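As they're listed, the protein sequences go chains A and B.
Number 152 in the numbering used here belongs to position 152 of the first sequence; there are no gaps in the numbering.
Number 58 in the numbering used here belongs to position 58 of the second sequence; there are no gaps in the numbering.
Simulated from the structure, these hints should not be mistaken for laboratory data.
It is possible that part of the hints are untrue.
[What the hints assert, rightly or not] Partial list, computed: chain A residues near chain B (C-beta under 8 Å):
1. 4
2. 12
3. 58
4. 67
5. 71
6. 167
7. 225
8. 226
9. 229
10. 230
[Unchecked claim] Chain A is nowhere near these chain B residues, computed Cβ spacing over 12 Å in every case:
11. 19
12. 24
13. 32
14. 54
15. 64
16. 77
17. 99
18. 101
Keep in mind the model is a prediction, meaning the values are calculated, not measured.
Each residue gets a CB set at the ideal place from its N, CA and C atoms; glycine is no exception.
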Amino acid sequence: MADRVLIVVPAWNEAASIGDVVREIRAELPAADVLVVDDGSRDGTADLAKAAGAIVSRLRYNLGVGGAMRLGYRYARNHGYDAVVQVDADGQHDPRYVPKLLDGLAEADIVIGARFAGEGGYTVRGPRRWAMVLLSRVLSRITGTRLTDTTSGFRATNRRATELFASWYPVEYLGDTVETLVYAARRGMKVRQVPVAMRRRVAGVPSHSPMKATVYLVRAAAILVLAAVRR
Amino acid sequence: MRLAITTGVTGLLLLVVILELLRRRQLREKYAMLWIGFAVVALPLAIFPRLLDGLAGVLGIANGASLVFFLAFLFLLFVCIHLSWEVSRLEEETRSLAEGLALLKTEVDQRGPRDG
Numbered sequence: 001m002a003d004r005v006l007i008v009v010p011a012w013n014e015a016a017s018i019g020d021v022v023r024e025i026r027a028e029l030p031a032a033d034v035l036v037v038d039d040g041s042r043d044g045t046a047d048l049a050k051a052a053g054a055i056v057s058r059l060r061y062n063l064g065v066g067g068a069m070r071l072g073y074r075y076a077r078n079h080g081y082d083a084v085v086q087v088d089a090d091g092q093h094d095p096r097y098v099p100k101l102l103d104g105l106a107e108a109d110i111v112i113g114a115r116f117a118g119e120g121g122y123t124v125r126g127p128r129r130w131a132m133v134l135l136s137r138v139l140s141r142i143t144g145t146r147l148t149d150t151t152s153g154f155r156a157t158n159r160r161a162t163e164l165f166a167s168w169y170p171v172e173y174l175g176d177t178v179e180t181l182v183y184a185a186r187r188g189m190k191v192r193q194v195p196v197a198m199r200r201r202v203a204g205v206p207s208h209s210p211m212k213a214t215v216y217l218v219r220a221a222a223i224l225v226l227a228a229v230r231r
Numbered sequence: 001m002r003l004a005i006t007t008g009v010t011g012l013l014l015l016v017v018i019l020e021l022l023r024r025r026q027l028r029e030k031y032a033m034l035w036i037g038f039a040v041v042a043l044p045l046a047i048f049p050r051l052l053d054g055l056a057g058v059l060g061i062a063n064g065a066s067l068v069f070f071l072a073f074l075f076l077l078f079v080c081i082h083l084s085w086e087v088s089r090l091e092e093e094t095r096s097l098a099e100g101l102a103l104l105k106t107e108v109d110q111r112g113p114r115d116g
């Protein structure tokens, strides 16, 4: 396990869950620092996170997960952390898996906590499933390793990858997960995945609309094509 | 003749609006030059639409007016693309600033008194 670890929690209007999420991370990982990046929330997310004991950085207006994460990576770089772990604010990522992700950094620059790698129950069907299959096939090829859950926001990066993401991290939807993997792999970063179980969200509901799923599929394809031709 | 008056007056009005915006410092020079250039080219064509008939014939376009429409369309398309590019750049710049500001504020909070 790396020596100095920063847990970055991007949060946008997550008042319902952020307090518990921060407290749980701090209980499970007492040695790690927790940075909550409040992405322009209007529901007191920042205050709740601070009360729960997190370091809080507030963006004046909503940038999207990518903006919040780049801020987190910049913070980690400036303070010389050895590893950064992204944990979602909705409570679906179990902090007990963080050490497992960090262990993976021994042989990779980026470690993804993947839902479908044998652990935990999680099923999707239809266009959303096709999008996930498409993404994992293409990204597995590009990164040279088997990836099954490319859009997972449960990720650990070592110093090298943190440095890279501190200077470049896209804000576009899906860009923050998919495009970053392509970009990092192209620059010689090693990507690995470890199996994790995801939990039901503490707050909020996942979308199941077929229309949205189709839009998602189209966007996934578009972002792959863009990532492939972009420099 | 009446057509020439209609289009000519429109062109003149456009030029006046641009000059006035520029005079009030509401328009950056680089954009003003673009539109003044556009107005200066468009104005004579508005008054004498037959001016480009010769060139239109060479390009296989029926008449000068059609050529003007074609060029105007291309020009506006180019301006739109340019503006999209500018907006993308500006968004990236404001994003960097927003991140930097949040970062600085966090540093200050950590160093300064806790009640601040």
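Status of the hints after comparison with the structure:
1. 4: Nearest chain B Cβ about 16 Å off; hint violated.
2. 12: 14 Å, violated
3. 58: 6 Å, holds
4. 67: 6 Å, holds
5. 71: Since chain B brings a Cβ to about 4 Å from residue 71(A), closer than 8 Å, the hint holds.
6. 167: 10 Å, violated
7. 225: 18 Å, violated
8. 226: This hint is violated: residue 226(A) lies away from chain B, its Cβ roughly 13 Å from the closest one there, beyond 8 Å.
9. 229: 17 Å, violated
10. 230: Violated, because the Cβ-Cβ distance from residue 230(A) to chain B comes to roughly 13 Å (cut-off 8 Å).
11. 19: 35 Å, holds
12. 24: Label holds. Min Cβ-Cβ 29 Å, cutoff 12 Å.
13. 32: With a cut-off of 12 Å, residue 32(B) remains clear of chain A, as the shortest Cβ separation is near 30 Å.
14. 54: Answer for residue 54(B): holds, closest chain A Cβ roughly 42 Å.
15. 64: 40 Å, holds
16. 77: 22 Å, holds
17. 99: Per Cβ check, residue 99(B) is inside 12 Å of chain A; nearest 4 Å; violated.
18. 101: Given that some Cβ of chain A is not farther than 12 Å from that of residue 101(B), nearest at about 7 Å, it is violated.
Violated hints, in rising order: 1, 2, 6, 7, 8, 9, 10, 17 and 18; the structure is consistent with all others.
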